[in-house]
Amino acid sequence: MSEVNHTPFLEVKDLRIIYKTDLETVYAVNGISFKLEKGQTLGLVGETGAGKTTTALSLLRLLPERTGKVVDGTITIEGQDLATMDDEALRQMRGGQIAMIFQDPMTSLNPVMTVADQIGESIMIHNPEFNKEQILARVKEVLNLVGIAENRASDYPHQFSGGMKQRVVIAMALACNPHLIIADEPTTALDVTIQAQVISMMRNLRDTLGTAMIMITHDLGIVAQTCDNVAIMYAGELIEVGTAEDIFCAEKHHPYTVGLFGSIPNLNVKVDRLSPIPGLMPDPTNLPEGCPFAPRCNKCMPICEKQKPGVYQDGEHQIRCHLFTGAAKGGQ
Amino acid sequence: MKKNRRQSRAIVRLKEIWRRFCKNRIALAGFIVFMCIMMVVVFADVIVPYEMTEKPSPPDRLTPPCAEHPFGTDEFGRSVFARIIHAAPNSLFIGFTVSFGSLLVGGTLGIACGYFGGRFDNLIMRFLDMISALPGSLLAIVMVAVLGPNMRNLIIALIVGHIAGFARMCRSVALSISEQEYIKAAKAGGSSDLRIIFRHAVPNAASTLIINTTMSISGVILSACSLSFIGLGVQPPKPEWGAMLNDARQYFNGSPYLMVIPGLAILITSISINMMGDGLRDALDPKLKS
Amino acid sequence: MAELKTAAPLMEARNLTKIFNVSRGMLHAVDGVDFKIYPGQTLGVVGESGCGKSTLGNTILRLTEPTSGEMYFEGKEYSKVGKREMREMRKDMQMIFQDPYSSIDPRMCVADIIAEYMIINRTYKTKREIYAQVEKLMDTVGLAKRLAEAYPHELDGGRRQRIGVARALSLNPKFIVCDEPVSALDVSIQAQILNLLMDLQDEYKLTYLFITHNLSVVKQISSDIMVMYLGKCVERATSDELFANPRHPYTKALLSAIPVPDISMRNKEIHLIQGEVTSPINPKPGCRFAARCPMARPECSQESPHLREVSPNHFVACHLEE
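Protein chains in written order, with the numbering used here: chain A, 3 to 334; chain B, -10 to 279; chain C, 7 to 328.
Rather than coming from a laboratory, the hints here were simulated on the basis of the structure.
Quick caveat, the model's predicted, so the values are computed rather than measured.
Even glycine gets a Cβ: it sits at the ideal position worked out from N, Cα and C.
Warning: the hint list may mix true and false statements.
[To be verified] From the structure, some residues in chain C lie toward chain A, with a derived Cβ separation under 7 angstroms:
| # | residue |
| --- | --- |
| 1 | E76 |
| 2 | E80 |
| 3 | V193 |
| 4 | I269 |
[As the list claims (entries may be wrong)] Per label pair, the in silico range of CB-to-CB distance:
| # | chain 1 | residue 1 | chain 2 | residue 2 | range |
| --- | --- | --- | --- | --- | --- |
| 5 | B | R141 | A | D285 | 56 to 64 angstroms |
| 6 | C | K82 | B | S161 | 18 to 26 angstroms |
| 7 | B | L273 | A | T76 | 41 to 49 angstroms |
Please build the complete structure, drawing on both the sequences and the hints.
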């Protein structure tokens, strides 16, 4: 992280996304910026409706065409501006450079195609010069990578259990040697013991293949186990960004991050009550004027309701909160 | 006291549904058109005396629309205007009784089958499969031929033909609802099966049922016409839209209005009913409240 | 706690079994489970999907009829009592459901949903009294009065789950089965609901059977924990004992599989268990966990281990403990 003057693998700058329908406008993503280097894993953490999945979809330009719209900002992948890509380049990029793993393995596989055909399909699209044997060989190779026996290649999805299906989905994502994998809550639908298997497998794959990864999750435990960098998202904004050490060990935190940790029952200490964050996520069609977290914040100051907070920066660690920017200026 | 409160709650809810129905322009337009048709049905005799529909007048045959005969005359010289007006009660009556009759019978069977399942479900559904294995028109022809051709028997025959479709639809709706957790929750609270069906299953199935019932009305009017055509439905010279449409076919080249006018009558009626049904479904659904 | 245990158990199940007859054979969803829950306590039931924990909850309330076994509520055997009597007993035994989106009828408004049980059971004579009680319940679970006429779809998951809690409380039950009540909620909302459930327990002296797959949640709320695997109880102990001193290989694997939000634990050795839950249909003889167990011995796949007390109040079903 010492060299600064090279272009990062993925750079998102001031991204804003809205969903516009006749009735209302949903402000899903409100000016987020982050970078991702090759071989690194970024954890995108937040609750339902924070805009995590919207961000992920926009990286593949897969937002619903009729309603979703990128209103501002740029996404640059390997030096290429995503907005200027034509359809052909986009198709090459999807599944080729960037692959996505969806939350529910039950619905992301086609029930009437064999696993080999489904994995083979994307290999065929991105490598038209491959013949049947080459495709099959590659299918077997990726199945081996995710720990599925080769002889199961001709089985149908329903013959696999939940965890195995998610492995198949991951194999599909790996098939074309992507440079970036976006995993949208890849283990939420799985049991704990299976989740542990899949997570450890994904870690090994990342280490051996050197693929960059964006791990979207609401589980801070998974983040702690897998991510190098963490971005915490709230109401479409990145309220805290930093390395895993910053988020889990540093002293200064955004009050929302503190609340998120306070909400998880601790396995080592038993307390009488948890300390949840009161209230609810703000309505994304009608966001508060100042800090989006102000209405739920226990450290809310008058300025928080009026003015968007600036960024407090300490090395890689960024916190978007008046508490620290104010302290920096006023010297409390 | 108790009753008053319940009534007032019900009235508030009905008013709310009506308000939402009225907000929907299309539904309201459908409702107004349909009310006009109902006025025609009620005041048919005032608009034009019934004799006009059956009295042949050979010199006037196949006159195109003119001042004296606004919709022209048919092959016997009878006023098409009078026949259209006086056919409305017959056609609408058949359409409504058959649709709602088969909804009632088929719906009850279907919901019971879907909710209780098991052997009862198997028995009823296999029986209905048997009925629907016969072509609908054939079944109706046989039934009318056996029972004798008149309007009551025509309605019974058509209802029998439509039951299976409604039952199957209601069964699938009831099946998907009975898997919802709120049904289990109602049981945990001590609800009886009947209460669960009427309080939870039927209201949640309502939208599907309303749409399918209103959609079927126009279809029923048309299938009644094919039976009238082969002489098993409404008996000539009584007017009926479907029968008129059929009679007009051979004169289509010279007098197209003979076919266009009853066709339009069926079209306008069924569209207005469908628009109303759509609006009613939306008004009943709390999710679409705005 | 020790004092309470000398009292009679509020809920007791003996050799409770539920076998479903499915097309491919006999599905052993719950297979010979025993437990006792004392008044004011919470028994947490943990296990992965398909271990029969939800079936257990349904069977306790007889929403599913047990195949065999006995169930006692306040000392009364009720596994075979008639429909009417059962309906009467259910007033004392309620349930909070997993999915706040499907467990309440979308066509009814909040007040009607909460009032429904009281109307069915004629708890009060007049509607006015019932709706007055609804207001009190809404207050208890932290729902604003203005939401009384709202419909479920207008509310978020946390509020919907509060409706479910209010409904379960409406008949003043002594015992509540909580079937994964927080699994469908976000972490911050999850903590709100857990706090609410714990407060209600203190205030109304409620007894819970708390079903979940989330071990950190179960530790927070339970006094005793039962770990289930494929219909069998593999380990049962007090909450602290189980976490401090897990004995069954499955419990150990389950505990070490939880991702801990602490990066110092990142490179800790995890006891990954291989394979996945096998089918509960026509299970093979022997320990159900034998196929995945890292410490399986020949006898494990031949004879089913019995639940035995290895230390006071700590029960394990494993051949290694014999």
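Of the numbered hints stated earlier in the document, which are not met by this structure? Failing hints, ascending: 1, 2, 6.
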